[in-house]
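Participant: Based on the provided sequences and hints, a complete structural model is requested.
Just so you know, the protein sequences line up as chains A, B, C and D, in that order.
The first sequence begins at 1 in UniProt numbering and counts up by one.
The second sequence begins at 1 in UniProt numbering and counts up by one.
The third sequence begins at 1 in UniProt numbering and counts up by one.
The fourth sequence begins at 1 in UniProt numbering and counts up by one.
If you're looking for bench data, these hints aren't it; they were derived computationally from the structure.
Predicted, not measured: the structure shown is a model, and the values here were computed from it.
Mixed in with the good hints, there may be bad ones.
[Stated by the list, open to error] Pairs of lysine to aspartate or glutamate, EDC-like flavour, derived with a Cα cap of 16 Å:
| no. | chain 1 | residue 1 | chain 2 | residue 2 |
| --- | --- | --- | --- | --- |
| 1 | D | Lys145 | A | Glu46 |
| 2 | C | Lys6 | C | Glu74 |
| 3 | D | Lys107 | D | Glu93 |
| 4 | B | Lys51 | D | Glu278 |
| 5 | D | Lys244 | D | Glu226 |
| 6 | D | Lys498 | D | Glu471 |
| 7 | C | Lys109 | C | Glu157 |
| 8 | B | Lys51 | D | Asp329 |
| 9 | C | Lys109 | A | Asp329 |
| 10 | D | Lys240 | D | Glu226 |
| 11 | D | Lys243 | D | Glu229 |
| 12 | D | Lys411 | B | Glu140 |
| 13 | D | Lys113 | D | Asp123 |
| 14 | D | Lys148 | A | Glu46 |
| 15 | B | Lys242 | D | Glu278 |
[To be verified] To give a feel for the contact side, a few chain B residues facing chain A, derived at Cβ under 8 Å:
| no. | residue |
| --- | --- |
| 16 | Arg114 |
| 17 | Val118 |
| 18 | Gly206 |
| 19 | Val258 |
Heads up, the beta-carbon is just placed ideally off N, CA and C, and yes, glycines get one too.
So the chains spell out like this:
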Amino acid sequence: MLRFVLRRCALVLPSLLGLLVVTFLLIHAVPSDPAVAMAGDAATPEQIAHLRQQYGLDRPMWEQFGLYLGKVASFDFGESAFSHRPVALDIVQRLPATLELTFASLLLSVLIGVPLGVVAALKHNSWPDYALRIFSVLGVAVAAFWFAIMLQFLFSMTLGWLPLRGDLSATMSRPPVVTGFLLLDSLIAGRWDAFGDAVRHLFLPAVTLALGGLATIVRFTRSGVLDTLQHDFVLYERAVGYSRSRLVWIYVLRNSLTATVTQIGLLFGGLIAGGVVVEAIFDWPGIGSYTVQAILTGDRQVMLAVTLLVGAVYAMVNILVDVVHGLLDPRLMGRA
Amino acid sequence: MRPIFARLARDVPAMLGLGIVVFVLLLAVLGPWIAPYPGDASASHLLRRLKPPSLDYPFGTDNLGRDIFSRVILGARGALQIALAVVVASMLIGVPLGLLAGYRSGWLSETIMRITDVVLAIPQLVLALALAQLLSPSLESAMLALSLTYWPFFTRIVYAETRRLSGSLFVDALRGVGAGTSRIVFLHILPNALSPVIVRATIGLGFTILVAAVLGFLGMGATPPAPDWGLAIAESRTYLPKAWWYAAFPGVAILITVMGFNLLGDGLRDLVDPRIRRSR
Amino acid sequence: MIPLLKIDGLKVSIRTDDGMAQVLDDIGLTLERGRILGVVGESGCGKSTLIRAVMGILPKAAAVEGGHIWFDGENLLVFSEAELNTRIRSSGIGFIPQDPLQALNPVFKVGTQLLETMRRHAPDDGSRGRDRQRRHVARLVDLLRRMQVPDPETALERYPHQFSGGQRQRLLIAAALACSPTLLIADEPTTALDVTTQHQILLLLRELVGEFGLSLLFVTHDFGVVAELCDDLCVIYAGQTVEAGTVQAVLQAPSHPYTRALLACHPDRATSFVGIPGLVPSPLARPAGCQFADRCGEALPRCRTSSPLPVKTRSGANVRCVQYA
Amino acid sequence: MTKAVRQGGPLLGRRKMGGLAAGALVAGAFPAATSTFAQAADASTFVSGFALPMNLDPHQVYDVPMQSMMLNAYDNLYRYEGDPPEIVPWLAESHTVSDDGLSWEFKLRPNLKFHDDSPLTADDVVYSFRRMLALALAPAGAFLKILKPENVTAPEPLLVRFKLETSYAPFLAAIPSICIVNPRAIKPNEKNGDWGKTWLASNGAGSGAYRIVPEGYRPLEYLDMEINEGHFKGWSDNAKPVKKIAYRPTKETSTRILALLNGTLDCTDPNLPADQVEQINASKIAFVQKDIVMRTFVVRMNNTKPPFDNLNARLCFAHAFNYMGFINDILGGYATRDPYPMPENLWGVPKDAKGYDYDLKKAKEYMAKAMAEGAPMKRPLEIHVQSENEQSVQGAQLFQSELAQIGINLKVVGNIWSNLTTAAAKPETTPDMWVHWVSTYFVDPENWVGQMYDSQFHGTWKASSYYKNPEVDVLLRKARGLVKQEERAPLYEQAIRKIMADSPDIWIYNSMQLQGFNKRVKGRRFCTVGQGAELRWITLAG
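Facilitator: Shown next as structure tokens:
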């Protein structure tokens with residue numbers, strides 16, 4: 001098992017290097033001169049030239065790449081051209097918020113999506129199935145931002161149950177940063193008030209983000225269960241009198257989750273990017289709004305770092321997916 | 001073909017999807033003749049800004065006094081154009097690469113598939129946004145960006161199918177009777193690999209409309225005064241929550257169209273080949 | 001004494017994309033206590049549907065249109081799903097499936113799966129909780145040892161793919177016996193096995209019937225197996241019982257032309273390898289009259305008009321053929 | 001046409017319509033809802049919707065969001081106060097300037113203290129200016145050419161002396177843009193001679209009325225500040241100041257409005273769209289504050305590209321913009337028509353000069369003249385807008401539809417600020433036309449006409465019309481070298497008259513700032529520099 005994981009990790013490195021080269025080339029083909037934007041509104045041409053020299057922007061591209069690679073190897077992602085803060089610091093501060101949101105929404109979509117997918121499969125080709133399929137496709141097709149605003153209306157304005165924006169109330173003091181994950185840090189500090197407040201703030205963005213993932217999970221669980229139900233062992237298990245619920249929710253479901261787990265892996269990458277809109281609407285202090293900001297200002301260091309980061313997360317999650325596949329299906333472990 | 005269609009006809013969601021797709025296609029073709037104010041594609045009328053839905057303007061008017069109903073109808077053509085252009089372009093890149101990588105083996109195949117993997121790992125939205133910025137934000141650059149990030153999906157599917165088929169008996173038999181490579185690939189493998197490609201493309205059409213709308217939302221897609229749905233939503237944000245109709249109707253148009261393509265694609269997927277359930 | 005299992009006039013149809021399929025059309029059979037009944041027929045004649053009807057696991061699209069399934073004097077067809085589960089499955093009727101590789105859930109340990117059945121269906125011996133589970137494990141280990149499964153103590157901790165085909169079939173037989181049923185139904189349990197293993201399994205089954213005082217309903221397409229194992233025989237064709245009687249009687253003097261044709265095909269007996277010409281009629285379009293008429297070498301004009309009913313022949317068998325009417 | 005309506009009808013699911021309708025109803029009804037999260041109960045925390053700067057170092061960033069942050073966390077030698085803005089002594093008590101305008105001396109108040117209680121003296125001022133010059137980032141723009149680091153000195157503990165390279169009139173006007181920072185807080189955090197750049201980007205080292213709480217800072221997301229009881233100004237003029245300022249910038253307009261209406265925010269950012277005013281004023285909880293600021297809206301023309309190199313062509317375009325339609329109908333009247341290349345409320349504007357009005361007939365006449373002179377008026381033209389800024393898009397769209405009426409083909413191209421400023425660095429890459437605002441970086445004509453129309457600034461975005469008139473260059477340079485306002489004003493008036501005659505750009509309006517406030521906010525004072533972001537006078541009622 002350990003050897004399997006290590007081998008997969010080793011295979012990831014060349015991919016990440018390839019990703020780095022491709023993004024580096026792409027981003028450096030962007031015509032906008034970072035030095036101009038970096039210097040700010042009131043800058044003089046001399047200031048701009050000075051910056052260009054300071055950041056090595058006047059050197060040939062391969063030389064810039066070499067320098068960058070050397071730094072990346074030591075986890076130094078340079079400095080944002082605009083905030084002048086170390087990109088690594090910004091990412092370390094923001095990634096936990098996005099991960100928290102991503103996990104919460106994945107949890108929601110799995111907790112809701114898997115049962116719905118199973119029900120759709122059991123009611124295959126009948127009205128409940130149709131309704132669930134249409135509903136889940138609606139989830140993909142609805143514009144997240146519009147849905148988010150509707151949630152804000154209902155839960156924050158009319159009912160007043162949940163907060164409108166942000167990750168913590170303005171009047172609530174933040175627990176000391178230990179892990180960077182607000183929920184965990186609240187628990188570590190024993191701050192139940194902050195924990196409750198943070199959970200309430202997490203709710204609406206997580207629901208919005210869960211919507212797209214929900215549809216995918218329903219869809220793949222449904223087809224996974226349909227596939228499993230074709231197998232002889234289901235018939236056997238019925239014949240020897242397994243209870244219906246245990247048959248479906250334990251014995252069939254575990255066989256059906258392979259495709260779903262693959263999808264969860266793919267979703268994870270998508271959620272980080274898809275979080276952009278949700279993070280903007282709910283002012284969630286995560287990596288999504290950071291990325292958009294970087295793109296709008298042409299902040300190359302940040303764009304590179306985020307691309308690498310998302311690529312790395314994508315790769316890690318896919319390794320995790322393989323591991324989970326192994327846990328779900330012992331036959332795969334035998335082969336690995 | 002006939003029994004497939006008969007089975008599709010019994011799949012209620014898929015038929016709903018087909019109905020929607022046909023309806024949107026009709027709107028796209030006939031839009032300028034159906035829309036009550038076809039001139040509102042570009043004209044502005046300051047005196048009737050942001051009017052709520054009424055008999056004259058069933059969906060209300062926008063920030064420049066244009067009839068949203070007309071613009072929603074006129075937007076169908078653009079939405080389909082983007083979607084088709086992106087999907088066709090991705091297929092033109094992805095399918096030949098997949099055939100090549102799948103039929104040949106050795107370094108060429110390896111290289112193609114490794115590049116495909118790398119491109120797949122690039123966060124799509126980030127690349128699309130970066131490219132949109134690279135070429136200055138416009139519909140064309142958004143389309144290019146989307147195509148550049150979408151082709152690997154086709155390459156993967158075609159690669160897998162080609163691998164499977166080129167190992168199959170009938171291709172061996174063809175080789176045995178001395179059929180040329182291009183003949184085998186184009187006359188025998190490609191048609192067989194086509195059905196998963198079509199399914200992927202159908203879903204891709206819906207997906208592209210949605211991503212194009214997200215790009216529009218971030219100011220990287222269509223440019224004014226195009227009656228683009230995503231752009232309308234982006235423009236409407238300044239007027240929310242009061243002018244709810246401004247965002248709602250273009251939003252519903254996107255919702256229905258994307259839903260149509262997805263339902264149809266899902267139905268086809270269920271029909272054509274159970275195996276591709278596993279390949280996303 | 002009433003027979004342990006008696007089926008009469010069983011009719012089952014299944015709704016398909018292309019219309020209603022009359023899969024079972026007047027099946028009748030009787031299994032006396034302590035005996036082994038072989039049910040023989042070609043593929044597609046309705047054997048699987050028959051078993052699923054007895055176990056109460058017919059597909060959703062299927063409907064029972066007539067007949068009875070008497071098990072120990074009670075009609076199983078009127079049982080609810082819950083009653084079937086609590087009173088019949090495993091505890092009353094043990095089931096040995098056709099393909100041991102496909103029948104075990106690949107992602108769960110063998111022990112987990114076998115104990116799942118016992119937890120619900122093993123006879124109540126007064127023990128509870130951990131204690132009950134421990135007794136179940138002990139019984140399974142005993143059974144596995146009896147079935148000659150190697151390393152019975154660790155077998156429960158292994159996954160299905162870690163066993164060979166024959167071993168898996170032994171596991172499943174042990175599973176079928178675990179809850180002390182009075183009837184075993186075996187669905188071609190040896191087809192997936194090689195000849196030697198097949199023989200061993202048959203011997204084992206034969207022994208077990210005597211040892212545990214069981215009755216066995218054995219479904220197969222192979223007369224050779226029937227001859228080796230069974231006491232009684234029931235031949236079905238196109239959803240109907242065409243001939244039934246003791247193995248001895250039927251094999252010595254097969255009455256129905258179909259039985260004769262089948263026997264002629266059997267490699268042990270056939271003088272030359274000839275199949276029965278023609279195809280089983282589609283269940284979607286059952287012809288009028290005798291179902292076998294189209295393929296029957298002895299068919300008469302009236303065979304195509306009137307449906308024969310089963311009659312008793314001199315040898316003591318029941319035959320559905322106009323020749324005997 | 002009703003047929004088409006009916007066709008569209010069934011597509012919208014009943015529930016969807018219901019949801020929308022509910023949304024609309026709610027939009028009217030929610031001010032009544034008192035939310036658990038409307039934190040009106042806490043009268044000591046002011047939740048501000050002002051945007052945050054890219055980072056917290058006032059020597060690295062200088063823009064409108066930075067002003068709103070630094071006016072509260074830092075102090076300056078002089079500061080703009082009041083409306084209209086007036087430059088007043090702040091950390092300095094007074095200043096003197098030599099007759100040649102080269103030597104400036106500022107006398108500091110005694111007993112000034114930083115947040116760490118260490119004394120603020122002339123040495124710290126010297127350190128601050130040298131740091132600003134060494135970093136050479138945005139705030140240094142006004143100083144780099146005229147001030148060398150070694151020429152900022154502290155001859156006495158409370159006296160700072162500046163020796164300028166050349167006489168530069170706007171020097172005093174630019175003094176409020178430089179914050180005095182605490183070297184004792186910064187120096188321990190310096191790395192490789194970076195002047196503590198990385199550290200100060202996320203921390204505070206000032207003396208202002210409020211103190212930055214570093215744990216409460218996440219770039220562009222949130223920032224907490226707490227009151228500095230020992231601020232040199234004292235708190236005698238505000239009996240109940242807010243104890244804590246919580247910056248919670250809100251990115252989406254809709255969230256911003258909702259947050260104001262349910263009490264989550266005490267104020268929005270100062271760029272509220274005009275269409276939102278009515279709704280907010282109708283609520284029980286909030287209102288919109290209107291203030292005239294100095295922020296002009298300009299459509300630039302690239303004077304080097306035909307047809308814009310032709311005066312008649314430029315005059316044609318100047319007459320084709322529907323100024324009042326844009327201001328009254330789209331901006332709801334919340335702006336002032338400003339025909340000058342400068343805010344009309346600033347000194348140096350020739351009040352008698354007449355600007356251009358919307359008149360398509362005249363535009364056509366000029367177009368004919370221009371075409372007679374060979375200007376390619378019919379070629380497809382492009383106007384670039386900032387996509388993320390709805391108002392610039394609307395202005396361009398309006399212009400496009402007017403020009404279409406006289407047969408000119410204008411294409412609206414969405415773009416973003418960083419690309420536009422890069423493109424504006426060369427005349428070849430500068431778009432035909434583009435749209436932007438010019439905010440108050442310092443209150444001086446130099447901020448507008450000086451930097452926009454003196455040809456020495458070609459290559460910067462402010463001078464991106466590439467206008468060159470030697471007479472104007474002479475006037476503007478002369479005015480820049482003089483110190484006295486009464487001597488400079490006539491020069492600017494003269495220059496502006498010439499510029500207006502050449503019509504290099506289309507000047508549209510001077511902004512009115514719209515900012516939403518919770519009704520519990522009392523005591524606000526406004527100044528156009530910083531857009532009223534200084535919060536030391538604020539009290540929260542209830």
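Participant: Are the hints correct? Go through all of them and say.
Facilitator: Here is what the structure says about each hint:
1. Lys145(D) / Glu46(A): This hinted pair holds, its Cα atoms lying about 9 Å apart.
2. Lys6(C) / Glu74(C): holds (10 Å)
3. Lys107(D) / Glu93(D): holds (6 Å)
4. Lys51(B) / Glu278(D): holds (14 Å)
5. Lys244(D) / Glu226(D): Distance ~4 Å between Lys244(D) and Glu226(D) Cα, so the pair holds.
6. Lys498(D) / Glu471(D): holds (8 Å)
7. Lys109(C) / Glu157(C): The given pair, whose Cα atoms are some 6 Å apart, holds under the 16 Å limit.
8. Lys51(B) / Asp329(D): holds (13 Å)
9. Lys109(C) / Asp329(A): holds (11 Å)
10. Lys240(D) / Glu226(D): Roughly 14 Å separates the two Cα atoms, so the pair holds.
11. Lys243(D) / Glu229(D): Holds, because 9 Å separates the two Cα atoms, which is no more than 16 Å.
12. Lys411(D) / Glu140(B): Satisfied, since the Cα-Cα distance of roughly 15 Å is no more than 16 Å.
13. Lys113(D) / Asp123(D): holds (13 Å)
14. Lys148(D) / Glu46(A): holds (14 Å)
15. Lys242(B) / Glu278(D): holds (10 Å)
16. Arg114: holds (7 Å)
17. Val118: holds (4 Å)
18. Gly206: holds (7 Å)
19. Val258: holds (4 Å)
Hint check: no violations occur; every hint is consistent with the structure.
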